[in-house]
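There are 2 protein chains.
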Amino acid sequence: MKKHNFYAGPSILPQYTIKNTADAILDFAGTGLSLLEISHRSKEFQAVMDEAQALVKELLDVPAGYEVVFVGGGASLQFCMVPFNLLNTKAAYLKTGVWAKKAQKEAAMFGEVVEVASSEDKTFCYIPKGFEAKVPTDVDYFHYTSNNTIYGTEIRKDPDVKVPLVADMSSDIFSRPIDVSKYSIIYGGAQKNLAPAGVTFAIVKQDALGKVNRPIPTMLDYRTHIDGGSMFNTPPCVSVYGALQTLKWLKAEGGVKEMERRAIVKSDKLYSEIDRNPFFKATVEDHEDRSRMNICFVMNDNYKELENDFMEFAKSQGMIGIKGHRSVGGFRASTYNALPEESVDALIAAMKEFEKKH
Amino acid sequence: MKKHNFYAGPSILPQYTIKNTADAILDFAGTGLSLLEISHRSKEFQAVMDEAQALVKELLDVPAGYEVVFVGGGASLQFCMVPFNLLNTKAAYLKTGVWAKKAQKEAAMFGEVVEVASSEDKTFCYIPKGFEAKVPTDVDYFHYTSNNTIYGTEIRKDPDVKVPLVADMSSDIFSRPIDVSKYSIIYGGAQKNLAPAGVTFAIVKQDALGKVNRPIPTMLDYRTHIDGGSMFNTPPCVSVYGALQTLKWLKAEGGVKEMERRAIVKSDKLYSEIDRNPFFKATVEDHEDRSRMNICFVMNDNYKELENDFMEFAKSQGMIGIKGHRSVGGFRASTYNALPEESVDALIAAMKEFEKKH
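Residue numbers (my numbering), protein chains in the order written: chain P, 5 to 362; chain B, 5 to 362.
Worth double-checking, as some hints may not be accurate.
In silico DSBU-like cross-links for lysine-lysine, where the CA-CA straight-line distance does not exceed 30 Å [what the hints assert, rightly or not]:
no.: 1; chain 1: B; residue 1: LYS109; chain 2: P; residue 2: LYS109
no.: 2; chain 1: P; residue 1: LYS138; chain 2: P; residue 2: LYS166
no.: 3; chain 1: B; residue 1: LYS252; chain 2: P; residue 2: LYS23
no.: 4; chain 1: P; residue 1: LYS47; chain 2: B; residue 2: LYS285
no.: 5; chain 1: P; residue 1: LYS94; chain 2: B; residue 2: LYS109
These are computed hints drawn from the structure, not numbers from a lab. Here the structure is a predicted model, which means the values were calculated and not measured.
This is chain P alone, in the form it adopts within the complex (with noise of 0.2 Å):
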């Protein structure tokens, strides 16, 4: 049977992606090595590295002054490296889910942190109202999460503050046009729209660097890795050619705007048929709020005990990685860019042949 993977990351990549990736592994560039065993240092893989930058530049429209980087350690090595390179006296946070909360935590081993509003009284079921107002100007930069994989709430207006902009976009990257030119630091871990786990992406302001006092240890120094052209040490070589892949297939499918055309699509259609079935309903009820990446839902109030029959449902109909993180409980669709609308599709059936048989 069909499966429908809705995995909340490492989450569904293109099948363009997949087939390359594995065909490298065989035959990397026409070496006759395999993409496994060759140097970083070679032509092959210094032309992989460049395209992969120069890819994220165009996509997401970068404007001049601006490097991209692809390091390891995931978007929570990222928590501690804006503080090390930004941080001097203050920053402020917006706490809107675990992963908000923990670069936060992070952020205080630095200086001052200033939490601007938070969302931890009703489980981070909203964005608060406001907060760019909320933002002190006397901070060194504000922080945000702009997508909450495991609340499934968003943010996608790039905020308007008047300090400077860092934002952990994991999870929501690539899924519709942003204006770069309002972030000093947009970050991430890739494994969700972008490539597969192991690599960290950063899109960084140049002028924001060098304005801190301290040592900063060399690995965690993003101008090591701008100098470098990600390649001061060596890279996480197969996550970036699969990034590569990606942002090829992303460019040839009408970029990010088609992307969030589509998210429009899958998400509005899922959220309509949760709102609709009386048996489901979402944890985020501000429309405004609701992400379009992760789709978090459970069982109407009056159907609580069903909820193992329709986790054993969907999953007879090949639904794959929807149970939602267990502070959420319920269920989550995550409908990242490579998430086919048939899946989508698949799943709403599945909830109205469940609303019928009960």
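Place chain B on chain P using the hints.
Okay, now just chain B, sitting in the frame of chain P:
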């Protein structure tokens, strides 16, 4: 023509690793999904991580009280993680090459660094004699690099020192038995004898941790990764999968004792030819210091002008990656575990043929 992969890293891996990784990218563990798009929290991937850690322990005979972690970021990130976790006031470093020097430089950000000995005076072409006796007894740890990839020197004896011992074994791990009980931390980038680039291993003695006073960023604290079973955040899944394949291959081939036997055969053969052939000379004179993993040689004094000729000739015979590092010049043949003896034979044949032609 058959290619002979002498790259210094990323470098040749067993065909078993290459084939199984390519297969898993098309269908991972019978899930019908790609290894690139499966959750690291799936039971199928959890089994990969668990088995990889267990096999490292088994193959290196790791005693109780140690844990194996897999993280991202490369050995270069370990250069700061080691002092972050272990350096209170003073550490001792042995400077035997560029990587040793980089590790030492990072430590200096955290406390006093005693340089026990250095071979920088002669482009790191030897291992300083008697360094063990020179390690101060009042340091928090002594750090050395067991194999110097660029210069082709190697310290194969586990040093006897009276302080906690830390080794970067990036490029010779799994090439011989080691006495892990002598070490507090053994770490390395995995992209030589273990895995595709993107994952770093560390074998950590648990009671060596928790003795420093500074706050440690979460991702740089070994305890985070020990407690999280290397799943605190999303691991570099493909590289860990590749590591598991190589570990299985290693075990099936006879383990590290057999790898040592093969390394002796291969390196003895090649050094013998270098020493015999009047056109070439080894850059490391002392036989005891010569690496079994990276065999560096240059044209002999009377034949300097033939360097390009030999390079072109060797390439025409299928040799790949034998150009020496720019700081040493000449040639470097990396003879890692997965390099078959026939590749060494082919290189030797090319050297003999070159001798005959000139």
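Now the hints, each set against the structure:
1. LYS109(B) - LYS109(P): 28 Å, holds
2. LYS138(P) - LYS166(P): OK: LYS138(P) and LYS166(P) at ~11 Å, within 30 Å.
3. LYS252(B) - LYS23(P): Measuring from Cα to Cα gives roughly 25 Å; hence the hint holds.
4. LYS47(P) - LYS285(B): 29 Å, holds
5. LYS94(P) - LYS109(B): 29 Å, holds
Checked against the numbered hints given earlier, the structure satisfies every one of them.
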